[in-house]
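Build the complex from these two chains, which are given one at a time in their own frames, with help from the hints.
Respectively, the protein sequence lines represent chains A and B.
Counting in the working numbering, the first sequence runs from 1 upward without gaps.
Counting in the working numbering, the second sequence runs from 214 upward without gaps.
Treat the hints as calculated values from the structure; they're not laboratory data.
We put the beta carbon where it would ideally sit given N, CA and C, even for glycine.
Just so you know, not all the hints are guaranteed correct.
Facing chain A, a subset of chain B residues (Cβ under 8 Å, in silico) [what the hints assert, rightly or not]:
| id | residue |
| --- | --- |
| 1 | I226 |
| 2 | H227 |
| 3 | A228 |
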Amino acid sequence: MAQQQSAGQQLWATPTRGRLRKVVTVVDEVLLELGRPVATPVRRVAAAAVIENPWAGRGFVADLQPEVEDIAPGIGRLLTDRLIETLGGVEHVEAFGKAAVVGLDGEIEHGGALIHTPYFGNVLRELTEGTSIIVFSDDRLAAGEPLTVPVWHKTAAATRSHYQTVQIRVPDAPRPDEIVLVAAAASGPRPNARIGDRRQDPVVRLADLETAR
Amino acid sequence: MNLRKILTYVEDIHAEGGRPVGPVARTAVVLAVIENPWAGQGFVTDLLPGIDEVAPQLGELLAPRVVEALGAPVEAYGKAAVVGLDGEVEHGSALIHTLKFGDHFRKAANATTLLPAVEKRAVAGGVFDIPLKHITDATVRSHHQSIEVRVPDGPRADEIVIGLAAAAQGRPQARLAPLATEQ
Chain A
1 MAQQQSAGQQ LWATPTRGRL RKVVTVVDEV LLELGRPVAT PVRRVAAAAV IENPWAGRGF
61 VADLQPEVED IAPGIGRLLT DRLIETLGGV EHVEAFGKAA VVGLDGEIEH GGALIHTPYF
121 GNVLRELTEG TSIIVFSDDR LAAGEPLTVP VWHKTAAATR SHYQTVQIRV PDAPRPDEIV
181 LVAAAASGPR PNARIGDRRQ DPVVRLADLE TAR
Chain B
214 MNLRKILTYV EDIHAEGGRP VGPVARTAVV LAVIENPWAG QGFVTDLLPG IDEVAPQLGE
274 LLAPRVVEAL GAPVEAYGKA AVVGLDGEVE HGSALIHTLK FGDHFRKAAN ATTLLPAVEK
334 RAVAGGVFDI PLKHITDATV RSHHQSIEVR VPDGPRADEI VIGLAAAAQG RPQARLAPLA
394 TEQ
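So that you can see chain B by itself, here it is in the shape it has in the complex (with noise of 0.2 Å):
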């Protein structure tokens, strides 16, 4: 793996809605860039070797890095893929849509669901949102949330920007009712 720079974002809220947020709401977000493993190759049938190389380091990478960033508990999470123009979509949910990739973070955040995902095609410097669920209950409605970040510099053509994201908390202010109570 081709690491070229990590990047580290921390939003701490502390207000919302004119009102005081308490505890301050914490959201931690880290991305690495790194070369596009297939790229320069054209349609690339069989991408479990790269998978296999590729995902586990990203998993050991971030996840330890993302819970460290959060500094608490993680009660919600996500992940992202952003693919520079020369990519297929496909190259960057390969890496993120395996659990050689997403068990590092579960283990990390005690966490038992499905992760949920940002995959997509950019410019560097695009910006893109990383949804976040609840990390056992994904239908724990008051941690549905999502954080915008962005690489200044990535990704390249030829590059993928891989990202873990974590939320100590649910949204600030959140006060809506139970899933359960619409059903």
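One chain only, chain A, in its complex shape (with noise of 0.2 Å):
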């Protein structure tokens, strides 16, 4: 927790940087899955972090990159921080995800620069011991309407069993004037999954399906 809101102190001491209002975490945790224990308890977080919009009030700005490099390290490792604690170790994320909402007035190309660059993603990949491509979200909201986030294994992007979701809700935010940037993480599969992988797929192709008809 201190590195936490020390990490917010910070962020507050430094005028340039993104203005930090909010963190929020939510984590599902699916007991019964139509009546039937779940087989692999499976605990899914997701941490938000509301922000001023560095680029709000100055029209288009062409180049984004020097705000990317001063508020995504810092935004993506507090929230990090914050899905490795709630999960209770790092071995325990074993699927990651990241979005991003813009405010009515912003650009969605400043949510993606702040997570779609190394600046955010590579830091939640380090810390979570990941290695794969991170899959995402993003959309331009009012306050209060929630975003659903795909998480995806961290080192098999492709293992199917992995392949979920978790929904965020920040009730009074984003404002039209800021960013709520999220990382997620889930502790495992999801709940009773049983689909198969691609190595147990049959080859399955257009042309062979016309013809079953």
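Below you can see the structure in the form of structure tokens.
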């Protein structure tokens, strides 16, 4: 906790950095699915930071890079630390994802700038000891709209059992001039996952499917 | 008790009104989604057997979890029951308006006051606000606050969401005069 608070205070202490208003985490644990116990209980976590849009009120900004370098790593670390702490250690992070919700006065490109560069993604990947590309969602929304954030396996993205999502919602964010940045993780596969995997699939070709009809 | 899922929500406020909040203001909520113990039974006159069975289990489950999620001494608290569309609001009230539920939280939080509550009927994903008040003196105005939450896929029509909320402090930037100054 001390680390998270100091990160927040540090962001505040440096006016050029994105100002942090809120950090929200949600943990979703499924114990029964259609009345049946979940074979491998899984916890899905999303952590969200509400920051001022650093490009708010400036019209079209051509070069987004300076603010990205300034803001994304700190928020990336803050959120990833929260995921790892919530799941009880990096070994419990099996899947990861990320998201950005831009407030109504911003550009989607502003959210993309903050999550789709190494300054956010590499921090999330390294701290969770992952190697996969990180799956994502993004949107521009009014405050209080839920966002569904996908996650997939951190070292083997094609692991079908780990394709899943977690929903996050901050009741009063983003304001029109804010951005919500999200990191998400799951401790295991979907509840009662049972749809095989790429290695077990038969070869399915469109031509064969049409012939079978 | 058929417990389908548990949702934990933690909100840290770092700034309010454009000013930093220090220390960071934390509120935690833990929600349990359970099967309505009286689902499919029509109008049940005597709810006591269901209360005796389920309410203590919910208190035992939720109280330690919300205290742990807060990670700090509890200064304000509240509770919630959101009944799925086929149930009665009375079903939710039955499970939370009993010492068999609330005393678990009171004990875990070293609290003495009545727990403020929200009880309503809602569709899955419906938003609800849990009111919180000070744990030993419900007239402490700085600690009157609420937190807004929802469960994306609950309650189903035959389910109930039961929740506890805890705050480590009053409102961020609270600056209203004490109640006593108006008397």
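* Supplied contact hint for B/I226, tested at 8 Å Cβ to chain A -> Given a least distance of 6 Å, the restraint on B/I226 holds.
* Asked: Holds or violated: is the Cβ of B/H227 closer than 8 Å to a Cβ in chain A?
  -> 5 Å, holds
* Can B/A228 be said to touch chain A, with a Cβ gap under 8 Å? -> With Cβ-Cβ at 5 Å, under 8 Å, it holds.
The structure fails none of the hints (numbered hints given earlier).
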